[in-house]
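First to last, the sequence lines map onto chains A and B.
So the first sequence is residues 0 to 278, counted in numbering that gives the first Met the number 0.
So the second sequence is residues 0 to 278, counted in numbering that gives the first Met the number 0.
Simulated from the structure, these hints should not be mistaken for lab results.
Any given hint could be a false lead.
Said to hold, decoys possible - Taking lysine-lysine pairs in the DSS-like style, the calculated list, with each CA pair at most 27 angstroms apart, reads:
1) B/Lys18 with A/Lys7
2) B/Lys45 with A/Lys45
3) B/Lys7 with A/Lys226
4) B/Lys170 with A/Lys170
5) A/Lys17 with B/Lys113
6) A/Lys113 with B/Lys113
7) A/Lys45 with B/Lys113
8) A/Lys69 with B/Lys170
9) B/Lys226 with A/Lys18
10) B/Lys170 with A/Lys45
11) A/Lys18 with B/Lys113
12) A/Lys170 with B/Lys18
13) B/Lys224 with A/Lys18
14) A/Lys7 with B/Lys45
15) A/Lys17 with B/Lys18
16) B/Lys17 with A/Lys7
17) B/Lys170 with A/Lys7
Unchecked claim - Pulled a few chain B residues facing chain A out of the computed Cβ check, cut under 10 angstroms:
18) Arg10
19) Met108
20) Ala128
21) Ser132
22) Met183
23) Arg186
24) Leu190
25) Val254
Unchecked claim - Stretch-level coverage of chain A by chain B, calculated; a stretch enters the list once three of its residues show a Cβ under 8 angstroms from a Cβ in chain B:
26) 107-120
27) 130-142
28) 168-182
Every value quoted in this text rests on a predicted model; they were computed, and no experiment measured them.
The beta carbon of each residue, even a glycine, is placed where N, CA and C say it ideally should be.
Okay, here's what each chain looks like letter by letter:
Protein chains: 2
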Amino acid sequence: MEIFNEIKPLRAFLTAQKKLGRSIGLVPTMGALHHGHLELIRSSRKENDLTVCSIYVNPTQFNNANDLEKYPRTLATDTALLTEAGCDVIFAPANTEMYASPSQLHFDMGHLDKILEGEFRPGHFSGVALVVSKLFNIVAPTRAYFGQKDFQQYKVITHLVNELMFDIELKSVPIVREASGLAMSSRNQRLNHEETGYATVFYRSLLLAKDLLNKGESIIPVREKVKQLCESFPAVRLEYFEWVDTVNLKPAENVSSQTILLIAGYVGEVRLIDNLIVE
Amino acid sequence: MEIFNEIKPLRAFLTAQKKLGRSIGLVPTMGALHHGHLELIRSSRKENDLTVCSIYVNPTQFNNANDLEKYPRTLATDTALLTEAGCDVIFAPANTEMYASPSQLHFDMGHLDKILEGEFRPGHFSGVALVVSKLFNIVAPTRAYFGQKDFQQYKVITHLVNELMFDIELKSVPIVREASGLAMSSRNQRLNHEETGYATVFYRSLLLAKDLLNKGESIIPVREKVKQLCESFPAVRLEYFEWVDTVNLKPAENVSSQTILLIAGYVGEVRLIDNLIVE
């Protein structure tokens, strides 16, 4: 496996690969890899000649300094996992490589970056769009892979690719869960044993809501029940539970196969998100 | 010469050219070509194997519906001029090709897109950044050429390329002027004979200001004299005359080889801009 910390030699390497006609899959990550990430690597390897995994904790997408500081960094373990998973290239740049000077550029995407995560993490999606644009222009991949856990992020990036016309095929890969149902997340590493147990409440809330909605209950009482369930744990604080259209992320009027349930909240100091498509 | 109206066949054509190792120069225009544009084509031909000229009147960069409607469209003449100039490819897309759905994405670049043109044309540079990003991702050129007349636009695009890390070399080409000193512009076609005479006042203002500044006069009286000169023509309305640093576009404290004088105003219904680097 090749490891690059700088853009220039990475570009030179990839240009040579492209001249040989090789397709490139990009898996952008912030490191602290888990099985969800490895599933993205697997998907990329199936569909591309070469898989590049970027590992970069992007400061411009953090609206909370404490979250940025505490975000787990485990490069040695990540490298071992990626080697074992058959990843071809790691790109792990320093901040000075990705931001030669402080960024002055912000993206505004109308409705899409103001709701849900955008409401609770102002500026987050602008930072995501910025770093993803950088990575797309550095790697110029054939395909790029994202996890469904960050569903709104995937919609934002789809929008970015459509509007800026990046010549890249985007792929969304289903959520990987622990046996407990907890959606895999790098932030789970920050939970203690007790909190890890509580954290399953978000997935249980989604299952409960799906069940009630499929039985014909309307959204207001369902949201109330989700709130009650979450609040039964003192360490858990629900931020939002929403029910939107998977295509345009607007509030869904009826439950359909195009409806997604999204939930976000804190367990102790750690903010987690999860989602479930209603089928 | 090849002419494309659609993205897909253009990309296929250019991908084949790149596989042969050919470098590509992009000259983005809004058509209504003049000698200034042809100078961009010449510069591109000198430095690249293949030159692509895009012709597209981009609606998202017009803050004034009348200006958009009246913008000259002369595709047949443009094609003849480009053929004669040895351009290899024209890309002339329709609005539906460039904007499959109405754009929701806006760029904010801090100071850079709020001052000068940005102050008088709100949203203009966001539209420019959007269409240039599209063109960069469609053509993926080795180099891209812009005229110095749109000096602030060049700074905005430089900023965009640096922040989003487009792998493209940008080139600025000096202003081409009529014998009268009038900076060539597609909008000059909209001036009547009398107005064309008046329009030279902007360049004469720049020359006057440069002369006075070089003689040690300070900016306030110089600006007053420029204002007086412009106002001596009833059809002319000065919008701004500024004196900024060529690197960061911040107000220059002293005249140096890094100072640029920028002027903008109306002649009748037509808005014109010009600039001059103080040497």
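Results of checking the hints against the structure:
1. For the hint pairing B/Lys18 with A/Lys7, the CA-to-CA distance comes to about 21 angstroms; that is within 27 angstroms, so the pair holds.
2. Between B/Lys45 and A/Lys45, the direct Cα distance comes to roughly 43 angstroms. Violation of the 27 angstroms bound is thereby established for this hinted pair.
3. The straight-line distance between the Cα atoms of B/Lys7 and A/Lys226 is roughly 49 angstroms, outside the 27 angstroms bound, and the hint therefore fails.
4. Taken as a hint, the B/Lys170 and A/Lys170 pair is broken in the structure, with Cα atoms around 35 angstroms apart against an allowance of 27 angstroms.
5. Taken as a hint, the A/Lys17 and B/Lys113 pair is broken in the structure, with Cα atoms around 40 angstroms apart against an allowance of 27 angstroms.
6. A threshold of 27 angstroms between alpha carbons decides the hint, and for A/Lys113 with B/Lys113 the separation of about 23 angstroms falls inside it, so the pair holds.
7. Distance restraint check for A/Lys45 and B/Lys113: the Cα-Cα separation of roughly 47 angstroms exceeds the 27 angstroms cut-off, and the hinted pair is therefore not satisfied.
8. About 43 angstroms separates the Cα atoms of A/Lys69 and B/Lys170, which puts this hinted pair outside 27 angstroms; it is violated.
9. Restraint check: the Cα-Cα separation between B/Lys226 and A/Lys18 comes to about 57 angstroms, which exceeds 27 angstroms; the hinted pair is violated.
10. Between the alpha carbons of B/Lys170 and A/Lys45 the distance comes to roughly 41 angstroms, so the proposed pair goes past 27 angstroms and is violated.
11. For the suggested pair A/Lys18 and B/Lys113, the alpha carbons sit about 42 angstroms apart, so the restraint of at most 27 angstroms is broken.
12. Taking the CA atoms of A/Lys170 and B/Lys18, the gap is near 26 angstroms; set against the 27 angstroms cutoff, the hint holds.
13. Taking the CA atoms of B/Lys224 and A/Lys18, the gap is near 59 angstroms; set against the 27 angstroms cutoff, the hint is violated.
14. Annotation: proposed proximity of A/Lys7 to B/Lys45 holds, straight-line Cα distance about 26 angstroms (limit 27 angstroms).
15. Distance check on the hinted pair: A/Lys17 and B/Lys18 sit about 9 angstroms apart at the alpha-carbon level, within 27 angstroms; holds.
16. Of the supplied pair hints, the one linking B/Lys17 and A/Lys7 holds, its CA atoms being roughly 20 angstroms apart against a limit of 27 angstroms.
17. Of the supplied pair hints, the one linking B/Lys170 and A/Lys7 holds, its CA atoms being roughly 21 angstroms apart against a limit of 27 angstroms.
18. Evaluation of the B/Arg10 hint against chain A yields a held restraint, the C-beta minimum of about 7 angstroms falling below 10 angstroms.
19. Annotation: B/Met108 was flagged as interfacial toward chain A, and the flag holds, the nearest CB pair being 6 angstroms apart, inside 10 angstroms.
20. Checking B/Ala128 against chain A by beta carbon gives a least distance of about 9 angstroms; that is within 10 angstroms, so the hint holds.
21. For B/Ser132, the suggested interface contact is upheld, since its CB lies about 4 angstroms from the closest CB of chain A, less than 10 angstroms.
22. Taking 10 angstroms as the C-beta cut-off, the interface hint given for B/Met183 is violated, the closest approach to chain A being about 30 angstroms.
23. Because the closest C-beta pair between B/Arg186 and chain A is about 27 angstroms apart, greater than 10 angstroms, the hint is violated.
24. Taking 10 angstroms as the C-beta cut-off, the interface hint given for B/Leu190 is violated, the closest approach to chain A being about 35 angstroms.
25. The interface hint given for B/Val254 is violated, since its Cβ lies 26 angstroms from the closest Cβ of chain A, which is over the 10 angstroms cut-off.
26. Evaluation of the coverage hint for the segment 107-120 of chain A: fulfilled, as 5 residues show C-beta separations to chain B shorter than 8 angstroms, against a requirement of three.
27. Counting residues of the segment 130-142 of chain A whose C-beta lies closer than 8 angstroms to any C-beta of chain B gives 5; at least three are required, and the coverage claim holds.
28. Counting residues of the segment 168-182 of chain A whose CB lies closer than 8 angstroms to any CB of chain B gives 0, so the stated coverage by that chain is violated, three being the minimum.
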